[in-house]
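Enquirer: Between the sequences and the hints, there should be enough to build the whole structure, so can you do that?
Under my numbering, the final residue of the sequence shown carries the number 302; numbering is consecutive throughout.
If you are wondering where the hints come from, they were derived from the structure by calculation, not from laboratory data. Ideal placement from N, C-alpha and C gives every residue a C-beta, glycine not left out. Be careful, since some hints might not be right.
Computed spacing ranges between beta-carbons, pair by pair [claimed, not checked]:
1. 243 with 137: 49 to 59 Å
2. 183 with 276: 43 to 53 Å
3. 54 with 184: 49 to 59 Å
4. 221 with 254: 19 to 29 Å
5. 291 with 95: 43 to 53 Å
6. 254 with 104: 24 to 34 Å
7. 145 with 96: 48 to 58 Å
8. 99 with 179: 10 to 20 Å
9. 79 with 254: 27 to 37 Å
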Amino acid sequence: MSEAPAAPPAVSADAPSTGDIGLLLKPPSPRAGWRLLPARVVAMCAVELQKLSHDRTELYTRAVQPALWLLIFGQTFTRIHAIPTGGVPYTDFLAPGIIAQSAMFIAIFYGIQIIWERDAGILNKLLVTPTPRAALITGKAFASGVKALIQAVVVIIIAALLGVSLTWNPLKLLGVALIVILGSAFFACLSMTIAGIVLNRDRLMGFGQAITMPLFFASNALYPVDIMPGWLQAISKVNPLSYEVDALRGLLIGTPSHLALDFGVLAVAAAVGIAAASSLLGRLAR
Numbered sequence: 017m018s019e020a021p022a023a024p025p026a027v028s029a030d031a032p033s034t035g036d037i038g039l040l041l042k043p044p045s046p047r048a049g050w051r052l053l054p055a056r057v058v059a060m061c062a063v064e065l066q067k068l069s070h071d072r073t074e075l076y077t078r079a080v081q082p083a084l085w086l087l088i089f090g091q092t093f094t095r096i097h098a099i100p101t102g103g104v105p106y107t108d109f110l111a112p113g114i115i116a117q118s119a120m121f122i123a124i125f126y127g128i129q130i131i132w133e134r135d136a137g138i139l140n141k142l143l144v145t146p147t148p149r150a151a152l153i154t155g156k157a158f159a160s161g162v163k164a165l166i167q168a169v170v171v172i173i174i175a176a177l178l179g180v181s182l183t184w185n186p187l188k189l190l191g192v193a194l195i196v197i198l199g200s201a202f203f204a205c206l207s208m209t210i211a212g213i214v215l216n217r218d219r220l221m222g223f224g225q226a227i228t229m230p231l232f233f234a235s236n237a238l239y240p241v242d243i244m245p246g247w248l249q250a251i252s253k254v255n256p257l258s259y260e261v262d263a264l265r266g267l268l269i270g271t272p273s274h275l276a277l278d279f280g281v282l283a284v285a286a287a288v289g290i291a292a293a294s295s296l297l298g299r300l301a302r
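Expert: Here is the structure:
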């Protein structure tokens with residue numbers, strides 16, 4: 017009596033294909049964090065705009081100081097002709113400097129927010145995401161640029177109401193927006209770098225107050241570089257705020273400027289600021 021033929025080996029319908037085995041042996045590479053950079057920047061900017069939509073009092077209160085500078089300081093010095101501005105009315109000369117000053121004052125205390133996020137546990141949650149630290153810093157830096165840009169629009173409106181001769185060329189206004197964002201990004205990164213060093217809100221407030229006025233007065237925001245003493249001219253030449261003001265004057269009121277140099281210095285300063293703040297982000301989160 018012949019034996020029954022052996023049954024063929026069972027084949028599972030769920031047997032993994034060669035490609036599936038490869039995935040099991042070698043997991044898929046994660047999405048590169050640098051690809052998340054644009055999305056992170058947009059997300060941070062959206063968060064800042066959402067904060068402003070919930071509480072607009074910040075815009076109104078921050079508009080008071082620029083208005084006082086233009087109304088009191090600008091109008092007074094225009095009458096007494098105390099500062100030589102090359103035939104440009106002093107209020108016109110001052111307006112771009114006040115735009116830069118307002119943007120700097122917004123950005124220079126931006127490190128307080130990142131310290132608050134650390135204390136609230138938000139920063140640690142952000143650091144465990146695939147997004148690189150440089151992307152987080154870049155997003156926050158350019159979010160401060162959005163807030164500064166809104167402030168710049170307020171100052172420009174005030175200046176126009178005061179009769180300041182401003183350009184309305186769309187390309188030049190686009191350049192103004194880019195300059196304000198780059199300058200604010202640098203000062204926000206400077207603030208976050210200081211936050212990574214001092215690790216404390218109160219200390220950061222002290223450092224911020226200690227450096228804002230020297231940066232402002234050691235720039236060309238209030239007076240031309242030519243009338244400064246030699247040592248102050250040397251400081252002004254390494255002060256990013258001076259390059260921001262120079263570009264804003266050239267774009268808004270048409271005074272002689274060095275736009276290529278100004279854009280280059282601010283772009284490099286922002287990049288260096290992002291690198292410095294990113295390197296200290298881990299220390300801040302400990």
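Enquirer: Would you mind marking each hint as holding or not holding in the structure?
Expert: Results for each hint:
no.	hint	result
1	243 with 137: 49 to 59 Å	holds (51 Å)
2	183 with 276: 43 to 53 Å	violated (19 Å)
3	54 with 184: 49 to 59 Å	violated (30 Å)
4	221 with 254: 19 to 29 Å	holds (25 Å)
5	291 with 95: 43 to 53 Å	holds (46 Å)
6	254 with 104: 24 to 34 Å	holds (25 Å)
7	145 with 96: 48 to 58 Å	holds (57 Å)
8	99 with 179: 10 to 20 Å	holds (19 Å)
9	79 with 254: 27 to 37 Å	holds (30 Å)
In the structure shown, a violation is registered for the earlier hints numbered 2 and 3, in ascending order.
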